[in-house]
Amino acid sequence: MKKYLLDLEVLSTEMLSDIHALIKLTAPEPFPEMDPGQFVEVRVDDSPSTFLRRPISVNYIDRQKNELWLLVAAVGEGTRRLTRLQAGDRLNCILPLGHGFTLPKSHGEKILLVGGGVGVAPLLLLGSEIRKAGSDPIFLLGAKSKDGLLETDLFKEYGRVCVTTEDGSAGEKGFVTQHSVLGEEHFDRIATCGPKPMMVSVARYADQAGIECEASLENSMACGIGACLCCAEKTIDGNVRVCQEGPVFNTRKLLWLH
Amino acid sequence: MPGRPRVQYKEITMAALNVKIDRLELRNPVMTASGTFGYGLEYADFMPLRELGAIIVKGTTLEPREGNDYPRMAETPEGMLNCVGLQNKGADYFCRHIYPQIKDIDTNMIVNVSGNSPENYAACAARIDALDRIPAIELNISCPNIKGGGMAFGVTCEGAASVVKAVRERYHKTLIVKLSPNVTDIADIARACEAEGADAVSLINTLLGMAVDIERREPVLSIRTGGLSGPAVKPVALRMVYDTAHAVRIPVVGLGGISNARDAIEFMMCGATAIQVGTANFLDPTVTLKIKNGINDWLDQHGVKDIHEIIGAID
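Chains as they are written, first to last, in our numbering: chain S, 4 to 261; chain P, 5 to 319.
Bear in mind the hints are in silico, worked out from the structure with no lab data behind them. Among the clues, some could well be false.
[As the list claims (entries may be wrong)] Just the calculated beta-carbon pair ranges, DEER-fashion: (1) S:E80 / P:R266: 52 to 60 Å; (2) P:D73 / S:Q211: 25 to 33 Å; (3) P:P81 / S:K108: 43 to 51 Å; (4) S:D10 / P:D108: 26 to 34 Å.
As the structure is a prediction and not an experimental result, all values here were calculated from the model. Cβ coordinates follow ideal geometry from the N, Cα and C atoms, glycine included.
Take these sequences, add in the hints, and give me the full structure.
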């Protein structure tokens, strides 16, 4: 898949919580093809204390409006600067990067999409593509509390949404792997993105239930295009580049279950 | 006499940018630093690779190496630390699977070679010597991220000399030796390499450094330390290039934090015949093209017809 270096225009930045921002971008030309789970390397301008680009997964693409959405959590200086982008600002991006999630091979597959915190980001595009392909996504979204639940209404457009919060302020109280939907439904496949402990739990659940599971990793990166080997993750095939062979991996390839 | 106003047209010229390193002809002095440009292919979507003077591909060792555990990278002020640890699939794999993909790239493709003993370096170099379209190697005696090899050879004159001597016996094309800055006097090491038949030296490799995660009370990097690169190291690199260029007769290739044409010109004025761009490729995958064009523009603006006029301009 050809990679592009583009200056995108910020259409809007909407704060979805104290630290989460939805940034909508556009470009003069139609955006290239992008798969759910692929990411963008974003240059952070006017940020003297940061140096490298930031990898941000694609949240959604609106082809009609030619909009690319990025969901960003302000967890450090660089991402905080990104959440302060304003309409009309330019954002220099390299895209699309990495390999995304597997799309359904047949109609009517039942796929569980498990997201935690800002990790829900790629699941919106994935859910919409799964729906387009004639299958049913079920979203299982977790957060510490109600404030950390993101884009819940948007997810509802594509499938059933189940929610857990650690403090019980919304949905079922507890972790995603404790949600009752796991006992009620049978799934053909699971896709997950979020904090590593959550993804490891999901991978364990999938392994025990004999379900294929893919997880999107967020190892820190320098180049994002496969050149520097800084983001390497240990797999059954040795160290591989998260930015190139990933960020999405079948969890059986990872060493999480060993 | 009044009349039409005189328009001062800017003279459009093209300064001669080509330089030579031993027998190696570079169409311009801009090279890419090993480990920052993959095998070149990773950047082919962003720029025409023929615009480069040379591409130095990822470090290659005789045997495959898995590299170090994650985390391998820490962002630092105006730079970064890495401890990748020479992850590569070995010389056999390179010759069989990677070389066929890169041999027709229209620039000098140079292989960075590393090892853990003089014999092991020489055996790897000999494998690369057999590849028609690889006109040169860069000998990495300065990787700070592997045990029992790499930098261990680059920090003493005897160690450096032993590797260069062994490789020189089995490698017949242009031999560039990449030097470590983690030494008392880099010019002494350069002289030792020159005495054993190195055709050029490149410097600097990364500066050994460390980063700490105070919440975890742990080093950020998996092996505790790593190599610092980026603009933060540029003044150190410039001084070392200047010292080395005044100590040896062979060409010096300068690198360390070069991010724009001005940086490149500074290195050349300090005595570098060519320059390498490393970490800056991560921030802008087209930066090498901008640097090449920027050097040309500067030369034109200053009426310099040939880049050799600025090489070593500082006494």
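Results for each hint:
{"no.": "1", "hint": "S:E80 / P:R266: 52 to 60 Å", "in the structure": "27 Å, violated"}
{"no.": "2", "hint": "P:D73 / S:Q211: 25 to 33 Å", "in the structure": "27 Å, holds"}
{"no.": "3", "hint": "P:P81 / S:K108: 43 to 51 Å", "in the structure": "48 Å, holds"}
{"no.": "4", "hint": "S:D10 / P:D108: 26 to 34 Å", "in the structure": "32 Å, holds"}
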